[in-house]
Amino acid sequence: MHLADGELPQDYLGYTYRKVLFILGGIVVLFLLLIISISVGAVSIPPYEVFMTLIGQNLTDKWDRIIWNIRLPQALTAIAAGAGLSVAGVAMQSILRNPLASPFTLGISNAGAFGAAVAVIIFGTGRMTSTTAGAVVINNPYLTTIIAFAFCMLATMAILAIAKIKASSPEVVILAGVALSSLFTAGVMFLQYFADDTQLAAVVHWTFGDVGRAGWPEFFLMATITIAACIYFIANRWNYNAMDAGDETARGLGVNVERLRNAGMIVAALVTSVLVSFLGVIGFVGLVCPHMVRRVIGDEQRYLIPGSIVMGALLLLASDTVARLIVAPYVLPVAILTAFMGAPIFIYLLLRGYHR
Amino acid sequence: MILSVDELKFLYRNTKVLDDIAFSISEGEIVAILGPNGVGKTTLLKCLNRILVPKEGVVTVGGDPLGSLELMEVARRIGYVPQRVETGRLTGFDAVLLGRRPHIGWDITEKDLRIVDAAFKKFMIDHLRLHSIDEMSGGELQLIAIARAFVQEPRILLLDEPTSALDLKNQVEILDRIRNIVTEHQIAVVMTMHDLNTALRYADRFIFLKDHSIHTYGDRNVITADEIEAVYGVPVMIGELWGVPCVIPECLCNGNGNSKREDNQELSPMRKGRAYVRYT
Chain A
1 MHLADGELPQ DYLGYTYRKV LFILGGIVVL FLLLIISISV GAVSIPPYEV
51 FMTLIGQNLT DKWDRIIWNI RLPQALTAIA AGAGLSVAGV AMQSILRNPL
101 ASPFTLGISN AGAFGAAVAV IIFGTGRMTS TTAGAVVINN PYLTTIIAFA
151 FCMLATMAIL AIAKIKASSP EVVILAGVAL SSLFTAGVMF LQYFADDTQL
201 AAVVHWTFGD VGRAGWPEFF LMATITIAAC IYFIANRWNY NAMDAGDETA
251 RGLGVNVERL RNAGMIVAAL VTSVLVSFLG VIGFVGLVCP HMVRRVIGDE
301 QRYLIPGSIV MGALLLLASD TVARLIVAPY VLPVAILTAF MGAPIFIYLL
351 LRGYHR
Chain B
357 MILSVDELKF LYRNTKVLDD IAFSISEGEI VAILGPNGVG KTTLLKCLNR
407 ILVPKEGVVT VGGDPLGSLE LMEVARRIGY VPQRVETGRL TGFDAVLLGR
457 RPHIGWDITE KDLRIVDAAF KKFMIDHLRL HSIDEMSGGE LQLIAIARAF
507 VQEPRILLLD EPTSALDLKN QVEILDRIRN IVTEHQIAVV MTMHDLNTAL
557 RYADRFIFLK DHSIHTYGDR NVITADEIEA VYGVPVMIGE LWGVPCVIPE
607 CLCNGNGNSK REDNQELSPM RKGRAYVRYT
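Chains A and B, in that order, are what the protein sequence lines are.
For what it's worth, the numbering used here labels the leading residue of the first sequence as 1, then goes sequentially.
For what it's worth, the numbering used here labels the leading residue of the second sequence as 357, then goes sequentially.
Among the hints, a few may not be true.
As the list claims (entries may be wrong) - With a cut-off of at most 25 Å between alpha-carbon atoms, the simulated DSS-like pairs for lysine-lysine come out as follows: (1) B:K467 - A:K166; (2) B:K411 - B:K372; (3) A:K166 - B:K411; (4) B:K411 - A:K19.
It is worth saying that the hints were derived from the structure and are not from the lab.
Extracted from the complex, chain A is given alone in its bound form:
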């Protein structure tokens, strides 16, 4: 064949450099936002001092404990959770061939909420002890997390079993996810109906996703799973491109589509389950961040997956920062802010159309 005689396509390479620049720009903004996020809150810390503290050159000891014990784990948790939910979302949209798919399409968030409700109401792991905001105490956060995670996994396994029976048909998986969501929602309502006021408050509070719940050990666990998931999806970017071109095209390109779908669902479900059971339900990020990136740099997975990771981290970190400022000194759970922040940007992007 004389095919290798082609030229290097400078026009195409120039076009891809712009996408790379977008992603690199996002990483720079993310870093700046991290500094700002750490510096603001009930106590303001000058950004310069934040930076010096982070690189180990702290000027004064007084900020040290706030930064290392409270603000940094919270900000990094927001980055990890945003990245994890967003990468799970972009993968689910490909796997299920549906723009409305998100990490929660499989019914995972409702399963997690049901698990938390079981823990709080049946096992008595938490109750609200005063009416001041933020005073809901989960007596036994680990048991709550473990039970929530167990129910997330239960939902995942049910979906995978259904997918196996129906040969990974995307429609069946989506509809089964809707059915499971409804089932768990009904379960939560059933339990809430018999709960007392303090338990009810604890369950509702749990479902408001909040990145402030995590300390360093939780962060490391979430970050490990998120990084592993990101590496998995980036490594499979070509296979996801192939799957986007249609199942038959993908098979013709040597991609085992069923196996790719099932493995992708397992990875996405795992990362979502871990994040949901530690942090509660944080919606919108996983659904909308991939679409924001699609609008700017298109559907090519080589750029879409890393772009979504950065965008998810950015949106959740920005939301968390604003959540700490908006009704200071109270701190809102980030889940309330993600949609407030993301929806207007997303609607603007929808109206603007595609970037060319």
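We have chain A already, so just place chain B on it with the hints.
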């Protein structure tokens, strides 16, 4: 011989779709799979690159049984263009570059880019490089899909109804380009088709499927009016216009198209065997 099929049998949920299929194909040949709707043309095509796994029988590619090859190795030998191609927000170049998937390790290399660049020139679609494929016409999209299968550098190209959704100009352009690359690169093409006239013009050999198995397999000489009537159940005439053979269904040739013709007795001998009329 690049591809051979022996005693292939395919069941779909215990219903027999294909049975006792056997044929072989050489490099530089275009083979058309013909037959009525639902007879299993697409199924047969998919059995040739293991998108579907036959119940029995052996498909051999370049001397190796298909079942012994890894999926990626199959994709390096056989390219496949389905009837339906999904679009998305990516450029023509991205879409064709995807065809290098079976050759890509962690990432693409300069060689991959050069090959894709050459394919755009070869298929004369350079103007589509940076066009988004979700804004392309059916004909443009089909060329992109064929170019994608071509950069797999396969020895066999399987095309499922490559022209069924296209207008006359696009049909001719696409099949001309396929003919060129078959001649130039000595690859084999197997395509399913509905249009007998197009098949007659571009294919070297023909497989007629009927009742789950091969009714006839051979070169142009096997296409007779009797054969076509036996397979499709429609009486036809085969004539020749300016040296080009053409198949005309009988019920349509008097222009009103609503009944089988009975009046023009002088045309009926053409149904017998291979009688040709020449219009000048």
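Results for each hint:
Annotation: proposed proximity of K467 (chain B) to K166 (chain A) is violated, straight-line Cα distance about 40 Å (limit 25 Å). Distance restraint check for K411 (chain B) and K372 (chain B): the Cα-Cα separation of roughly 10 Å lies within the 25 Å cut-off, and the hinted pair is therefore satisfied. For the hint linking K166 (chain A) to K411 (chain B), the alpha-carbon distance of about 20 Å falls within 25 Å, and the restraint holds. Under the criterion of a C-alpha separation no larger than 25 Å, the hint pairing K411 (chain B) with K19 (chain A) is inconsistent with the structure, at around 47 Å.
This entry does not satisfy hints 1 and 4, going by the numbered hints stated previously.
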